[in-house]
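A.B. asks: If you want the building blocks of each chain, they are given just below.
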Amino acid sequence: LSIRQSECAFRYKEIVVKKCQKYTQIWLNTHTTMKNALNPQVIQEAMAALNSAKYDDSSLVMFSGLGNVFCSGIDLHFLISGDRRMAARQMVDALREFTKALIMFSKPIVAVVTGPAIGLGMTMLPLCDVVYASDKATFYLPYAQLGQTPEGCATYTLPQAMGMAMANELLMGSRKITAIEACQLGLVSQVFWPTSMMQEVIPRIQNMAVLSSKALETTKLLIRSHQRTKLDLTNESESNLLLERWLSPECQKSIEEYIANEKNYSF
Amino acid sequence: LSIRQSECAFRYKEIVVKKCQKYTQIWLNTHTTMKNALNPQVIQEAMAALNSAKYDDSSLVMFSGLGNVFCSGIDLHFLISGDRRMAARQMVDALREFTKALIMFSKPIVAVVTGPAIGLGMTMLPLCDVVYASDKATFYLPYAQLGQTPEGCATYTLPQAMGMAMANELLMGSRKITAIEACQLGLVSQVFWPTSMMQEVIPRIQNMAVLSSKALETTKLLIRSHQRTKLDLTNESESNLLLERWLSPECQKSIEEYIANEKNYSF
Amino acid sequence: LSIRQSECAFRYKEIVVKKCQKYTQIWLNTHTTMKNALNPQVIQEAMAALNSAKYDDSSLVMFSGLGNVFCSGIDLHFLISGDRRMAARQMVDALREFTKALIMFSKPIVAVVTGPAIGLGMTMLPLCDVVYASDKATFYLPYAQLGQTPEGCATYTLPQAMGMAMANELLMGSRKITAIEACQLGLVSQVFWPTSMMQEVIPRIQNMAVLSSKALETTKLLIRSHQRTKLDLTNESESNLLLERWLSPECQKSIEEYIANEKNYSF
Numbered sequence: 001l002s003i004r005q006s007e008c009a010f011r012y013k014e015i016v017v018k019k020c021q022k023y024t025q026i027w028l029n030t031h032t033t034m035k036n037a038l039n040p041q042v043i044q045e046a047m048a049a050l051n052s053a054k055y056d057d058s059s060l061v062m063f064s065g066l067g068n069v070f071c072s073g074i075d076l077h078f079l080i081s082g083d084r085r086m087a088a089r090q091m092v093d094a095l096r097e098f099t100k101a102l103i104m105f106s107k108p109i110v111a112v113v114t115g116p117a118i119g120l121g122m123t124m125l126p127l128c129d130v131v132y133a134s135d136k137a138t139f140y141l142p143y144a145q146l147g148q149t150p151e152g153c154a155t156y157t158l159p160q161a162m163g164m165a166m167a168n169e170l171l172m173g174s175r176k177i178t179a180i181e182a183c184q185l186g187l188v189s190q191v192f193w194p195t196s197m198m199q200e201v202i203p204r205i206q207n208m209a210v211l212s213s214k215a216l217e218t219t220k221l222l223i224r225s226h227q228r229t230k231l232d233l234t235n236e237s238e239s240n241l242l243l244e245r246w247l248s249p250e251c252q253k254s255i256e257e258y259i260a261n262e263k264n265y266s267f
Numbered sequence: 268l269s270i271r272q273s274e275c276a277f278r279y280k281e282i283v284v285k286k287c288q289k290y291t292q293i294w295l296n297t298h299t300t301m302k303n304a305l306n307p308q309v310i311q312e313a314m315a316a317l318n319s320a321k322y323d324d325s326s327l328v329m330f331s332g333l334g335n336v337f338c339s340g341i342d343l344h345f346l347i348s349g350d351r352r353m354a355a356r357q358m359v360d361a362l363r364e365f366t367k368a369l370i371m372f373s374k375p376i377v378a379v380v381t382g383p384a385i386g387l388g389m390t391m392l393p394l395c396d397v398v399y400a401s402d403k404a405t406f407y408l409p410y411a412q413l414g415q416t417p418e419g420c421a422t423y424t425l426p427q428a429m430g431m432a433m434a435n436e437l438l439m440g441s442r443k444i445t446a447i448e449a450c451q452l453g454l455v456s457q458v459f460w461p462t463s464m465m466q467e468v469i470p471r472i473q474n475m476a477v478l479s480s481k482a483l484e485t486t487k488l489l490i491r492s493h494q495r496t497k498l499d500l501t502n503e504s505e506s507n508l509l510l511e512r513w514l515s516p517e518c519q520k521s522i523e524e525y526i527a528n529e530k531n532y533s534f
Numbered sequence: 535l536s537i538r539q540s541e542c543a544f545r546y547k548e549i550v551v552k553k554c555q556k557y558t559q560i561w562l563n564t565h566t567t568m569k570n571a572l573n574p575q576v577i578q579e580a581m582a583a584l585n586s587a588k589y590d591d592s593s594l595v596m597f598s599g600l601g602n603v604f605c606s607g608i609d610l611h612f613l614i615s616g617d618r619r620m621a622a623r624q625m626v627d628a629l630r631e632f633t634k635a636l637i638m639f640s641k642p643i644v645a646v647v648t649g650p651a652i653g654l655g656m657t658m659l660p661l662c663d664v665v666y667a668s669d670k671a672t673f674y675l676p677y678a679q680l681g682q683t684p685e686g687c688a689t690y691t692l693p694q695a696m697g698m699a700m701a702n703e704l705l706m707g708s709r710k711i712t713a714i715e716a717c718q719l720g721l722v723s724q725v726f727w728p729t730s731m732m733q734e735v736i737p738r739i740q741n742m743a744v745l746s747s748k749a750l751e752t753t754k755l756l757i758r759s760h761q762r763t764k765l766d767l768t769n770e771s772e773s774n775l776l777l778e779r780w781l782s783p784e785c786q787k788s789i790e791e792y793i794a795n796e797k798n799y800s801f
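Residue numbers (this note's numbering), protein chains in the order written: chain L, 1 to 267; chain Y, 268 to 534; chain E, 535 to 801.
Hints should not be assumed to be uniformly reliable.
What the hints assert, rightly or not - Mimicking EDC-like on lysine to aspartate or glutamate, the simulated pairs with C-alpha atoms at most 20 Å apart in a straight line are:
1. E:Lys-556 <-> Y:Glu-523
2. Y:Lys-481 <-> L:Glu-250
3. Y:Lys-374 <-> L:Glu-200
4. L:Lys-214 <-> E:Asp-766
5. Y:Lys-481 <-> L:Glu-200
6. E:Lys-748 <-> Y:Glu-523
7. E:Lys-748 <-> Y:Glu-524
8. Y:Lys-497 <-> E:Glu-790
9. E:Lys-710 <-> L:Glu-200
10. Y:Lys-374 <-> L:Glu-250
11. E:Lys-748 <-> Y:Glu-503
12. Y:Lys-481 <-> L:Glu-236
Claimed, not checked - One-sided excerpt, in silico: chain Y residues whose CB lies under 7 Å from chain E:
13. Pro-409
14. Ala-411
15. Thr-422
16. Tyr-423
17. Gly-430
18. Ala-432
19. Asn-507
20. Leu-510
21. Leu-514
22. Glu-517
23. Gln-519
24. Glu-523
Said to hold, decoys possible - Far from chain E, by Cβ distances over 12 Å, these chain L residues were calculated:
25. Pro-40
26. Gly-82
27. Asp-129
28. Leu-158
29. Gln-190
30. Met-208
31. Glu-217
32. Lys-220
33. His-226
34. Gln-227
35. Leu-247
36. Glu-256
No lab work stands behind these hints, which were simulated from the structure alone.
Note that CB positions come from ideal geometry on N, CA and C, so glycine has one too.
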């Protein structure tokens, strides 16, 4: 452990992890066709990095994406590669475990959204604690187009944050929103200019990291205790129903069509 | 069923129902003194129309009001006509069943608010899924003036959507709000210019209606599962307490005074 | 009781109470170093005033602060005076009872925030029912700086009102917000110009006070019934964890540093 803490950067294949003074940076930097998409490999690495940060002296974790996309959600190409039934099962298992890891993570997570946050890339945000977004970030749930049901506990967290009318507009109506709108809806804590974002955000994170880690963790525990059971149940229900959807011919066809249209994920 | 689906419009007395491609339009068009007010007869027809849409091939239901008023809430003239004790009981029973029907309706409901939404006309909106409003729509709960307690599960849904401070300003302070304000408070999904509203809203509804109805229904089920029990209990409590209020001499007098002032419901 | 009702003002040491037509005004006016801070003595008087208003003919209570500060939160000087262990215990007991009194108070409370609302001065607001704020009011939770965990059920009420991202920005990031921002976040019902605030707010309160007190109380009961159990549990958890924090050397040191910097509480 002490050796690892003295290192400044670890090497992963799909993410970049940097251990800083009292906190850990985790950056998505995947080799997927859709930039920073999540498949079982990416998720496994992200969970390993979270697990390291859980046991080292980090007071908190910063989570972001390298390049011009924060996270484009589930890796749809993975879903239609090889044995599709197997792929869907592996994907749902990884998704369920990743969501659970976020729900259970005891230290604060600061998400830094520098570009598009799509699907799970958006729905993971309410499972983080503080969310800073670039003014050019966009937020979008293509569930209706994909013919699939939501993931990442969005069916619980979105209505709770913004009420039914707006949550359904995002979940069923697939409305794309800006960072300013996401801030007004309670998904984002603050919006920054793209060019100066990191200069403003990093000092804030550093300031938060040197606060009492005991107070931070206890505060997070108090806040999350009210919804942990509900989030767990939602994660289970959503995962089970999503597997069913993914395996349906209707949804498989929608995924193929979505992937065929490169406009859906080239930014 | 097949005969009914081939029809394009059904005839009701107090509402207009139009079965469109993959969805159903329900329009209030009542003969009540207050435009589009809800009494047991109106509610019975609305529930019958919802029930048809539940079993036909509709993916969703659009709910709106014909004329310049979306819905002026409970028909107060009904409450003070004939045997008032009987009228109050019938009204509460109809209200309880209507609220329950909205809570249990498994397909998405898109409310299209073209004008004033008063009392139950406003509180029914969080029980719908998507809410589109005209810029000239207004939202208003005259409960304090009527000396009555809220209805339609507003004591649960309003604080949940917008927090205590604003929910109480509406529920106890009877503040009238605009469509833009209702949107900021999470009651409305989007606001449209009155003149072009229908040209914008109908295509959206058509687009949503041709999506996977299975995905839409499952999404709604997941979203609503978190609150169904609470909504049911709230509906019961509110209905019981409302009957008590309506039967009180204090409230009867307030209703008479409210009705006597035509400004309260002529727009 | 009749004698007391005929009196127009009661004399307390740390608060000013004025019984008006159908409602009661309670004003903080403390002798603490930090203006309108809450210590066991202040809290005892505030609870006695609430208890009077509970049994007299008041339909509601107005709660505000005299001078340029609404409430600067817990009296930190009290915490580090004399036997600190004893002081922390007394303070936590008073805090727990005060929070409980607010949770259980059956008549509406209208908070009138004329200046800074800090710590408990801010977290008590969601336990009130309507919150009117001056445009020059500010809202601030110095918990991170103090190395302490939140109080007044903020770990439940803030995420519920505004979602996780913003609640954590306030609870962990100690962001100071304006009245307009607090209104957008659902903590404040309406914002008023400082100079004309009282001329606008008092008539509203008077209008609300002459409404059916039975309808007001039943409405509040319905609204609060959904969260009373959760608020009680949160109050217990927060109080227990707060005592632990306050007794820690780390937190004691932070409190001393906070107090040493007069900028933290001179406005």
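A.B. asks: Hints first: check each against the structure and report whether it holds.
C.D. replies: Cross-check of the supplied hints:
| no. | hint | in the structure |
| --- | --- | --- |
| 1 | E:Lys-556 <-> Y:Glu-523 | violated, 24 Å |
| 2 | Y:Lys-481 <-> L:Glu-250 | holds, 10 Å |
| 3 | Y:Lys-374 <-> L:Glu-200 | violated, 45 Å |
| 4 | L:Lys-214 <-> E:Asp-766 | violated, 24 Å |
| 5 | Y:Lys-481 <-> L:Glu-200 | violated, 45 Å |
| 6 | E:Lys-748 <-> Y:Glu-523 | holds, 18 Å |
| 7 | E:Lys-748 <-> Y:Glu-524 | holds, 18 Å |
| 8 | Y:Lys-497 <-> E:Glu-790 | violated, 46 Å |
| 9 | E:Lys-710 <-> L:Glu-200 | holds, 17 Å |
| 10 | Y:Lys-374 <-> L:Glu-250 | holds, 19 Å |
| 11 | E:Lys-748 <-> Y:Glu-503 | holds, 19 Å |
| 12 | Y:Lys-481 <-> L:Glu-236 | holds, 19 Å |
| 13 | Pro-409 | violated, 11 Å |
| 14 | Ala-411 | holds, 5 Å |
| 15 | Thr-422 | holds, 4 Å |
| 16 | Tyr-423 | holds, 6 Å |
| 17 | Gly-430 | holds, 3 Å |
| 18 | Ala-432 | holds, 4 Å |
| 19 | Asn-507 | violated, 10 Å |
| 20 | Leu-510 | violated, 12 Å |
| 21 | Leu-514 | violated, 12 Å |
| 22 | Glu-517 | holds, 6 Å |
| 23 | Gln-519 | violated, 12 Å |
| 24 | Glu-523 | violated, 14 Å |
| 25 | Pro-40 | holds, 27 Å |
| 26 | Gly-82 | holds, 37 Å |
| 27 | Asp-129 | violated, 4 Å |
| 28 | Leu-158 | violated, 9 Å |
| 29 | Gln-190 | violated, 7 Å |
| 30 | Met-208 | violated, 6 Å |
| 31 | Glu-217 | violated, 10 Å |
| 32 | Lys-220 | violated, 8 Å |
| 33 | His-226 | violated, 6 Å |
| 34 | Gln-227 | violated, 8 Å |
| 35 | Leu-247 | holds, 32 Å |
| 36 | Glu-256 | holds, 35 Å |
In summary, the structure is inconsistent with hints 1, 3, 4, 5, 8, 13, 19, 20, 21, 23, 24, 27, 28, 29, 30, 31, 32, 33, 34 from the numbered list given earlier, while agreeing with the others.
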